[in-house]
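Student: Got chain A sorted already, so can you dock chain B onto it with the hints?
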Amino acid sequence: KQEVTQIPAALSVPEGENLVLNCSFTDSAIYNLQWFRQDPGKGLTSLLLIQSSQREQTSGRLNASLDKSSGRSTLYIAASQPGDSATYLCALSSGGSYIPTFGRGTSLIVHP
Amino acid sequence: EPEVTQTPSHQVTQMGQEVILRCVPISNHLYFYWYRQILGQKVEFLVSFYNNEISEKSEIFDDQFSVERPDGSNFTLKIRSTKLEDSAMYFCASSPRGAGGDNEQFFGPGTRLTVL
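These protein sequence lines are chains A and B, in that order. Counting with the numbering used here, you get residues 1 to 112 for the letters of the first sequence. Counting with the numbering used here, you get residues 1001 to 1116 for the letters of the second sequence.
Pulled out of the complex, with its shape left as it was, chain A reads as follows (with noise of 0.2 Å):
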């Protein structure tokens, strides 16, 4: 069964910075992986998706990595601003289902 860790579980951090948030997985053999961002109270949105043969994706000062021989995949933000203050999940398919199986989340904290 796919186990999805995601480490930190909280950060603060000031403006400016740039971050990298963990996820560390059990089961290599995935079909994809795809960050998502939720406000409090809110839905997910859904930020980048790696395929299983892809290495990154890039969306504006997003990037997300994915080393699967390591059962890790990080999301790179660049350039931290307060409105990226949310919780970013990391869900990934494996194991003959591509329904994902969801991170606990890390909450981030943007101050300025």
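Worth flagging that the hints you see were computed from the coordinates, not collected in a lab.
Simulated coverage check for chain B against chain A, where a stretch passes if three residues somewhere in it have a Cβ under 8 Å from a Cβ of chain A:
| no. | stretch |
| --- | --- |
| 1 | 1041-1050 |
| 2 | 1106-1116 |
As a list, the in silico DSSO-like pairs of lysine-lysine whose alpha-carbon atoms are at most 30 Å apart:
| no. | chain 1 | residue 1 | chain 2 | residue 2 |
| --- | --- | --- | --- | --- |
| 3 | B | K1042 | B | K1057 |
| 4 | A | K1 | A | K68 |
| 5 | A | K1 | B | K1042 |
| 6 | B | K1042 | A | K42 |
| 7 | A | K42 | B | K1057 |
| 8 | B | K1042 | B | K1078 |
| 9 | A | K1 | B | K1057 |
| 10 | B | K1078 | A | K42 |
| 11 | B | K1083 | B | K1057 |
| 12 | A | K1 | B | K1078 |
| 13 | A | K68 | B | K1057 |
| 14 | B | K1083 | A | K1 |
| 15 | B | K1057 | B | K1078 |
| 16 | A | K68 | B | K1042 |
| 17 | A | K42 | B | K1083 |
| 18 | A | K42 | A | K1 |
| 19 | B | K1083 | B | K1042 |
All C-beta atoms, glycine included, are put in the ideal place defined by N, C-alpha and C.
Tutor: Here is chain B on its own, set in the frame of chain A:
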């Protein structure tokens, strides 16, 4: 930009009552999903739906739950007799594809269900 919509945003009900949560997926998507998130916990998969049939369901999705696509746009989740532990945020999602590494899922804003 097309988005998944859900109604109501908040539903309060008494234990034992039936509730129906409604979703309108993105119009050209073919695969639909329900998830739930109990406060402070992980997002959990409930059920996936394709071609008017359940394609996959989790252990959570027992006989108290059912899904339906009553017309060409709506997708509903019914809980027949709600329990206190059904209190959670329920998310609907849709994707253009159900299989393959590029099946990106798009989520709605959620319905907060409170069972008293």
